[in-house]
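Q: Going down the list, the protein sequences come from chains X and C. For the first sequence, the positions run 1 to 656 when my numbering is used. For the second sequence, the positions run 1001 to 1656 when my numbering is used.
Because the hints were derived from the structure by calculation, they are not lab data. Here the structure is a predicted model, which means the values were calculated and not measured. A few of these clues could be false.
Claimed, not checked - Quick list of in silico lysine to aspartate or glutamate cross-link-like pairs, EDC-like style, CA-CA up to 16 Å: (1) C:LYS1146 with C:ASP1189; (2) X:LYS614 with C:ASP1189; (3) X:LYS519 with C:ASP1467.
Protein chains: 2
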Amino acid sequence: MKKTINILIALIMAAGLVSCNNGGDQKSKKGGQGGLATNAAERVYVAPGEHDEFYGFMSGGFSGQLGVYGLPSGRLLKVLPVFSQNPENGWGYSEETKPMLNTSYGFVPWDDSHHPDISQTNGVLDGRWIFINGNNTPRIARIGLKSFKTEEIIEIPNSAGNHSSSFITENTEYVVAGTRFSVPVPQKDMSINEYKGNFKGALTFINVDQETGRMGIKFQLMMPGFNYDLSHPGRDKSHGWFFFTTYNTEEAHSLLEVNASQNDKDFIAAVNWKVIEEYVNNGGGTKVPANYAHNILDEHTHTATSTMLKEVLTVNPMDVPGAVYFLPTPKSPHGCDVDPTGEYIIGNGKLSADLTVHSFTKMLDAIENKKFDGEAYGIPILNFEDILAGVVKQPGLGPLHTEFDGNGNAYTTFFISSEVVKWKVGTWEVLDRQPVFYSVGHGMIPGGNSRKPFGKYFVALNKITKDRYLPTGPELTQSAQLFDITGDKMELLLDFPTIGEPHYAAAIPAELVAPNSTKIFKLAENKHKYAVLQDSDVRVERDGKDVHIYMNMIRSHFNPDNIEGVKVGDKVYFHITNHEQDFDVPHGFAVIGANNAELLIMPGATETLLWEPKQVGVWPFYCTDFCSALHQEMQGYIRVSPADSNIELSWSLGED
Amino acid sequence: MKKTINILIALIMAAGLVSCNNGGDQKSKKGGQGGLATNAAERVYVAPGEHDEFYGFMSGGFSGQLGVYGLPSGRLLKVLPVFSQNPENGWGYSEETKPMLNTSYGFVPWDDSHHPDISQTNGVLDGRWIFINGNNTPRIARIGLKSFKTEEIIEIPNSAGNHSSSFITENTEYVVAGTRFSVPVPQKDMSINEYKGNFKGALTFINVDQETGRMGIKFQLMMPGFNYDLSHPGRDKSHGWFFFTTYNTEEAHSLLEVNASQNDKDFIAAVNWKVIEEYVNNGGGTKVPANYAHNILDEHTHTATSTMLKEVLTVNPMDVPGAVYFLPTPKSPHGCDVDPTGEYIIGNGKLSADLTVHSFTKMLDAIENKKFDGEAYGIPILNFEDILAGVVKQPGLGPLHTEFDGNGNAYTTFFISSEVVKWKVGTWEVLDRQPVFYSVGHGMIPGGNSRKPFGKYFVALNKITKDRYLPTGPELTQSAQLFDITGDKMELLLDFPTIGEPHYAAAIPAELVAPNSTKIFKLAENKHKYAVLQDSDVRVERDGKDVHIYMNMIRSHFNPDNIEGVKVGDKVYFHITNHEQDFDVPHGFAVIGANNAELLIMPGATETLLWEPKQVGVWPFYCTDFCSALHQEMQGYIRVSPADSNIELSWSLGED
């Protein structure tokens, strides 16, 4: 056993070193790399005042957020806070946003965001919303592409490691969230050794309201205790189906690098969600108790509410004939990708020498003719040869993910051999290969997961960086590489660093999003309970130990800006309304020495900072976002008196 | 009064609109902007595999962190966590790093980082450390430029708004931290109306150990209750002096945008720190009680300890003849900049039409000849005309900061008129002006704050972004613009977005930092109390309710990876050692549903995650940083039993 491990490790590390050496030679030779385009500089340059052609949304991975990049420049336009606290703008620290990070486990300050997917209509990107999964504490978030804010987060019960998520069906009917780890369902105290046959893997289908985007769990399919790795929807002809890769069909619970790499083939699970939808619409399924949070940020108050839901509808695949089939797929398949026509399902077997492509048509035929090759926990296993569309033979080492350009070509990333391979869908012929630096994970083509890819660029999301940038200590930022794929051969244009770890990305032409982007929040539409819409509403009120400060701000003062009568032991709530109605004029707010982050308050919005003063004294507060020539003058003082003081609340703006 | 405010606001907003309109016209016209360089694309392009020429360190502003950018590419190479929690790598969440954010106010999760400054030897950048101030909770941090980690944070007592900081003297003898807001010293319960004459402004001199970089407060100078805005050290001939701008010499405490803009001139305070140093070395000054935290990250354990210090040495300027003088400077001066020769001190009067330059030689002469024009709180005021070196006449509106290129030229940023103006030091002649988009704050030339600037690039750190990038909702990232300044005229090369709000930046040639950068932490030198250096040390121990898991990790498994015997109500400490000894191979660690962030563990290091399980069940843990082809298999399970369970601790790796 020990030997097996060592061989595996040696194999992988050696492969890694080879790819590093490849890269090392290329350093400092301008244009020296295979496939580096002529005029690459000009082709990625976005001149001052011009705009990028695409929005690229890259998951933050272990940052828990979502990065917004411009393509082709590779510039980081914004970090959208989603699942993790963000001291920069008070996300998860302000009273309005704390409930967004609420879960059945309590307040969770972090997550591991993985796979963004943009909403679609008729299989084409529509730019309404982007969804992303929290891999750790199982959650799905919906981000509005007008407000560029996280508007909703729903927790996924009975799940653990929400990895094969968050992919959408072609009319955004469902967002799908599949568990990575199987666990006891419901959770209970049992020995880990009892895993096999007892742990379960939940595949969750979340329906989306087409007007509001609101999510609700329609049903959870309770699957065998495998690991569910990735998934993609069927489209066009295969619309109505969803495909999930599995690994660890061995159901090992320890040393998986060896014990989950034993089977020659694992499965892709093909789920006919339309059949299950009909079953549950007719009263099928079992409601079971489950605690999970549903958090919504109201669009008029920018205030989150968190509701704890109490039950979920589960479906046993055995109860729905025709709902689930297993497609045997070599070997520990990772990515599960469906081509734009919906005919081909690619299983990227990460320990396989070949790339396996299943045919949807053949799959339907095999099902109809009951050509099964046994079953697993009652789920029919189709015969590998019967459903095989083709094999891309020995294209590289360690295939992970495949994207499509809309012109009949596919692009597969190879982690171990550090390359991207272009091949022809249908002929399975390899057309081109380009090295990447180093060890690529996902790749991304704008719209690559839809019926209509915008096949201009391919972005390699590389996992290992090493010598690609100036060193920054033992930790380097992950790296991406941009290729032009409009020609026969891929042309490398640009290396650009990425924050966190982009596990996947989704990009969309800017023209589908930019014109609708919110510039300000209208003050007149501000329905926040503590909004101060006019100066006459400015006040400070005490309610026992709670002190509510109704404050507003505009260049370059706070109203009120001198406050007295607060005491040690109080809970002081600064409710601050930004009266600006001008694009890109937020104000910030902070109090010296608060045990909290700051607020960054958008034009027209109200945000609340809780401050629990511990020391008597006179404490300054100030605007933290340089806003005008007199920004430094935008400050005030709050006096804190002893707990037993008799000083009454008073406040003022102005005259000395 | 109300009228005055409205006029001021109208003036500033109108100026802002003008600059926006300027920019709007330029959109989509390639090369259409005044000063845009030919071949700009090629001049900023760093081809795949090549490296940037400079490290640019940009303060995160309201993010509290420090961004590392490559120049000329403008690529964000890394975000170094300093003062704020960083869910991405567990900074401020792990047991090792929590003490780094400790203060006399308790744990503070955020700050407002402002002015990075790189260590110097003989007035030249030496690449050992970079210092940066926390503006909010007064703190100074030291970041090692080998490890690229925040190695030390010291709190500044008697201070509130640590803004005129953290600038260093030319042999890194001192890091200086000046308060922005004046407050009661010591803090006490008093009316805000008693501000005038009673509040104080502390200017703190922190000495730096030349071997270790360790900081200690040498003394605090107790100054009148003005606002201290920015500062810079004298150099070369003026080495031994430090210069601080003041505003609000009116000592207003409310509506400062009007009430602190009344005086025709405020002051630059010239502090002869060598005289004060001698005074305190001879026993001068008064030790006063003060609580402030001193936090150090040990280099062998990567574990922080926080010590609360109890007293500080204060100096009354009246007690040290020759220590402090006031230089009258129009009007509410913001930046305080000293040219490379040390002769000229530029006061950037933000409401002044002209730019005032003081002469150090004339200042000494005036002091020697006692040419005073009164005093303020006993501090002599020099005569404006006597010390005037020259005036740059009507160069623009709203001057904020000035940098130098080492060739006798100065570059001043103008916030209101949104431009950078190049002028000749000595003749005060305007040589060039270029518009910036929009409303520039600081500017930065690599080494611009030293005797030896590397005058190749100027970076404008702009405050308003508006239409410069694809819209991302009401909030846009701040923006920088890179100019080539090697010719007679500045040439605009690139717009690039910046995270947080870069209040200032410091850049250094890569060759002075990159060769020394730490690639791994040597496992053999790991002195962490809970390190597991060999498999035989792997174990799980119970100490009452505390459970300590001594774990290690290497591609691609944890040891142990199955753990039982943990109970609800326990405090579970995962102490995890990364056994990799390969550059850029961190591993991550997270437990499903923990109320904590993840760990990102560097090669050779040990980090600790505290988990307080609330629910019985079997919970997966996994590596969060894609590390190998079998990364997905790098997982384990921990069983949580009821609080009253009798199950003993057990653990395992391996065989099924």
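Q: Now tell me, hint by hint, if it's right for this structure.
A: Checked hints:
no. : hint                     : verdict
1   : C:LYS1146 with C:ASP1189 : violated, 45 Å
2   : X:LYS614 with C:ASP1189  : holds, 13 Å
3   : X:LYS519 with C:ASP1467  : holds, 11 Å
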